[in-house]
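The lines below spell out each chain.
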Amino acid sequence: MPSIRVVNFSKYFGKVKAVDNVSFEVEDGEFVALLGPSGCGKTTTLLTLAGIYKPTAGEIYFGDQLVNDVPPKYRNIGMVFQNYALYPHMSVFENIAFPLRAKKLSKEEITKKVKTVAKKLMIDQLLDRKPMQISGGQQQRVALARALVKEPEILLFDEPLSNLDAKLRMLMRAEIKKLQSDLGITSVYVTHDQAEAMTMASRIAVFSMGKLVQYGTPDEIYDHPKNMFVAAFVGNPPMNFLKDFSVVSEGNSVYLQRGTSKLRLPDSRKGSLPEVVPEKVVVGVRPEDFRIERKEVDNGIPGTVYVLEPLGRDVIVNVRVENHEDEITKIFAEPGETFKPNERVYIVPNLEKVHLFDPETEETIL
Amino acid sequence: MSKSSSSYRLTFFQRNSQKIAQAVIITILVLITLPIIVGYVWLIVRSFSEDIVHGFIPTKLTLKNWRFLWQEMKGYPNIWQTTLNTFLLALGVMAIEIAITSMGGYVLSRYDFPGRSAMLKFILVLHAFPAISLMVAIFYVLWNIGLLDKLWGIILLKASLEIPWGSWIMKGFYDGIPWELEWAGLVDGYGRMKVWAKIMLPLVKPGMAVTAIFAFLSGWSEFIFVYTFIFSQKTWTLSRYVMGIIGDYRFADYGLLAAVGLFYVIPSIIFFFFVSKYMIKLTIGGVKG
Numbered sequence: 001m002p003s004i005r006v007v008n009f010s011k012y013f014g015k016v017k018a019v020d021n022v023s024f025e026v027e028d029g030e031f032v033a034l035l036g037p038s039g040c041g042k043t044t045t046l047l048t049l050a051g052i053y054k055p056t057a058g059e060i061y062f063g064d065q066l067v068n069d070v071p072p073k074y075r076n077i078g079m080v081f082q083n084y085a086l087y088p089h090m091s092v093f094e095n096i097a098f099p100l101r102a103k104k105l106s107k108e109e110i111t112k113k114v115k116t117v118a119k120k121l122m123i124d125q126l127l128d129r130k131p132m133q134i135s136g137g138q139q140q141r142v143a144l145a146r147a148l149v150k151e152p153e154i155l156l157f158d159e160p161l162s163n164l165d166a167k168l169r170m171l172m173r174a175e176i177k178k179l180q181s182d183l184g185i186t187s188v189y190v191t192h193d194q195a196e197a198m199t200m201a202s203r204i205a206v207f208s209m210g211k212l213v214q215y216g217t218p219d220e221i222y223d224h225p226k227n228m229f230v231a232a233f234v235g236n237p238p239m240n241f242l243k244d245f246s247v248v249s250e251g252n253s254v255y256l257q258r259g260t261s262k263l264r265l266p267d268s269r270k271g272s273l274p275e276v277v278p279e280k281v282v283v284g285v286r287p288e289d290f291r292i293e294r295k296e297v298d299n300g301i302p303g304t305v306y307v308l309e310p311l312g313r314d315v316i317v318n319v320r321v322e323n324h325e326d327e328i329t330k331i332f333a334e335p336g337e338t339f340k341p342n343e344r345v346y347i348v349p350n351l352e353k354v355h356l357f358d359p360e361t362e363e364t365i366l
Numbered sequence: 001m002s003k004s005s006s007s008y009r010l011t012f013f014q015r016n017s018q019k020i021a022q023a024v025i026i027t028i029l030v031l032i033t034l035p036i037i038v039g040y041v042w043l044i045v046r047s048f049s050e051d052i053v054h055g056f057i058p059t060k061l062t063l064k065n066w067r068f069l070w071q072e073m074k075g076y077p078n079i080w081q082t083t084l085n086t087f088l089l090a091l092g093v094m095a096i097e098i099a100i101t102s103m104g105g106y107v108l109s110r111y112d113f114p115g116r117s118a119m120l121k122f123i124l125v126l127h128a129f130p131a132i133s134l135m136v137a138i139f140y141v142l143w144n145i146g147l148l149d150k151l152w153g154i155i156l157l158k159a160s161l162e163i164p165w166g167s168w169i170m171k172g173f174y175d176g177i178p179w180e181l182e183w184a185g186l187v188d189g190y191g192r193m194k195v196w197a198k199i200m201l202p203l204v205k206p207g208m209a210v211t212a213i214f215a216f217l218s219g220w221s222e223f224i225f226v227y228t229f230i231f232s233q234k235t236w237t238l239s240r241y242v243m244g245i246i247g248d249y250r251f252a253d254y255g256l257l258a259a260v261g262l263f264y265v266i267p268s269i270i271f272f273f274f275v276s277k278y279m280i281k282l283t284i285g286g287v288k289g
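So the protein lines, in turn, are chains A and B.
Numbered per our numbering, the first sequence spans residues 1 to 366.
Numbered per our numbering, the second sequence spans residues 1 to 289.
Simulated from the structure, these hints should not be mistaken for laboratory data.
Here a beta-carbon is modelled for each residue, glycine too, at the ideal position from N, C-alpha and C.
Some clues are possibly wrong.
Stated by the list, open to error - Using 30 Å as the maximum straight-line C-alpha spacing, the simulated DSS-like pairs for lysine-lysine come out as follows:
(1) K103(A) x K150(B)
(2) K115(A) x K198(B)
(3) K177(A) x K103(A)
As the list claims (entries may be wrong) - Which stretches of chain B does chain A cover? Using the computed rule of at least three CB atoms under 8 Å from a CB of chain A, they are:
(4) 99-106
(5) 176-182
(6) 199-210
Let the sequences and hints guide you as you build the complete structure.
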């Protein structure tokens with residue numbers, strides 16, 4: 001299986017820069033997710049890997065080989081599309097056999113291979129049906145079978161799960177991940193669902209407006225987002241942002257201050273602060289990094305409980321921050337804790353884990 | 001309870017308002033359609049009767065008017081030769097148009113070549129442009145390439161006039177096929193031509209059927225070009241034959257005219273019967289720009 005190397009890749013459609021100078025590498029057998037909102041260039045990148053689009057600039061290598069001008073049929077890739085793209089006029093069997101017919105395999109060999117892959121994906125009882133006669137989940141499996149049957153060196157997924165219902169999506173998520181790790185096929189997976197990217201991929205490439213913002217393992221992306229976009233996009237509920245804090249030094253300590261709220265930055269972290277800090281910063285706190293107290297404590301920010309969102313296992317408490325009515329923070333409450341709407345509380349961020357952002361550039365400061 | 005139920009009490013007209021509206025609409029539609037229906041009824045009745053009185057009442061049933069089917073008619077070409085010519089014309093136009101529009105529609109739909117949008121607009125304009133005004137020029141062209149008085153000339157002429165609009169219709173059907181299907185075919189190991197033949201073409205079959213119907217009917221019913229560019233009776237088509245019956249130098253035989261007219265519309269009716277289900281799809285696939 002080859003690795004994939006994308007070097008300074010750009011793709012323009014007329015004047016629109018769909019992808020702008022993107023570089024990344026996918027290791028042999030690795031599962032990489034391209035994550036971003038719609039229109040961020042992730043699908044364009046995938047289609048270029050497939051050979052359907054040609055790069056406007058830059059190079060794409062499979063292994064050591066430059067493949068910029070290699071048409072799709074010579075690339076030995078398997079691809080799964082969002083709408084499955086099953087051929088409606090062919091039976092399930094013919095759909096799966098289609099890539100093998102291009103290779104001019106013998107009839108027996110085709111039948112054998114189709115049956116094997118169909119069995120593996122548990123669709124062997126559907127082979128005579130037409131795509132319109134089977135359910136969405138089954139269509140998904142057929143599309144997967146068609147991509148796998150030719151034993152590709154690279155697998156490309158274009159939001160393959162977004163047309164499935166939530167329950168099936170969770171199921172297929174695990175199944176695709178297992179399949180990929182069993183087969184060890186180098187895979188690139190496009191999605192706008194951060195949960196999919198986090199759970200499936202060994203590395204995530206976060207795209208925004210045609211640019212690659214951050215490339216790293218799910219933990220790196222989650223714990224050290226490069227800017228506010230990544231911080232807000234990854235995680236559910238998303239990171240809370242508290243605006244207009246100033247960084248103040250008093251004696252040996254560094255504080256984040258806004259109005260009467262004063263948060264003391266732990267000594268372990270203040271050393272990582274850059275020399276020059278903007279006048280105002282945004283403080284980012286993940287929902288699980290808040291504690292809720294009923295009485296005033298150190299590092300507490302006053303607010304009132306706005307609404308509760310019980311999820312069964314835990315509760316998301318929405319707290320409206322005092323004097324900043326537009327800031328409604330979402331916080332995972334400790335199990336067993338109960339709050340009532342309009343109750344006055346103090347929210348205490350875990351300052352070991354807070355993030356600081358520059359409000360102008362949106363880049364991470366700390 | 002009794003108070004609220006009383007408010008549901010309706011008058012006869014309120015209760016039956018939908019039925020009444022329907023009855024009114026049907027009455028109006030029947031009245032509008034009546035002249036056409038009467039025309040066809042007359043055609044059928046007249047073709048099987050000796051003579052007709054009060055416009056509608058046959059005097060005596062006969063098959064005499066259909067004699068053109070089994071005996072040579074003086075001053076007319078053989079009806080079966082004429083029918084064959086008509087089929088050749090209709091099927092020829094259909095075959096050429098299908099072959100070209102199924103490819104042209106694909107290119108119009110999928111390729112962004114220079115002048116594409118201008119071409120699409122021009123096709124619309126061309127469609128509104130009456131071909132009759134080209135008569136003299138067409139005569140000159142046909143004469144120069146030696147296709148005057150030849151069925152081939154009419155077939156090529158008809159096809160060339162129908163192809164732009166047919167391509168536009170086919171484009172609509174191709175537009176309805178998602179790009180992903182084509183991409184999937186490319187990834188599955190085929191070139192663009194193979195993908196077109198194996199995936200796209202089977203999926204635009206309804207469009208091809210619609211185009212085929214229009215092409216066949218336009219060839220079948222073609223009159224003016226046949227009348228103008230065909231001189232020998234052996235190359236006549238049915239429309240010209242009908243014209244011959246009411247021609248200038250004989251008394252019009254209305255019984256014969258009705259029988260030939262009926263004979264002429266039978267294939268169209270059969271054709272329509274088989275393909276009307278595809279016609280309905282035209283509004284779904286065809287208007288998608």
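Q | Pair hint outcome, K115(A) versus K198(B) [Cα-Cα no greater than 30 Å] | A | 23 Å, holds
Q.
Hinted pair, alpha-carbon criterion (30 Å max): K103(A), K150(B). Please report holds or violated.
A. 48 Å, violated
(Q) Quick check: do three or more residues in the region 199-210 of chain B have a beta carbon closer than 8 Å to a beta carbon of chain A? (A) holds (count 3)
Q: Report holds or violated for chain A covering the region 176-182 of chain B, Cβ cut-off 8 Å, minimum 3 residues.
A: holds (count 3)
Q: Below or equal to 30 Å on CA atoms is what counts here, so check K177(A) against K103(A).
A: Measuring from Cα to Cα gives roughly 28 Å; hence the hint holds.
(Q) Taking beta carbons only, do three or more residues of the region 99-106 of chain B come closer than 8 Å to chain A? (A) Three-residue rule not met by the region 99-106 of chain B, so violated; n is 0.
Consistency note: the structure conflicts with the earlier hints numbered 1 and 4.
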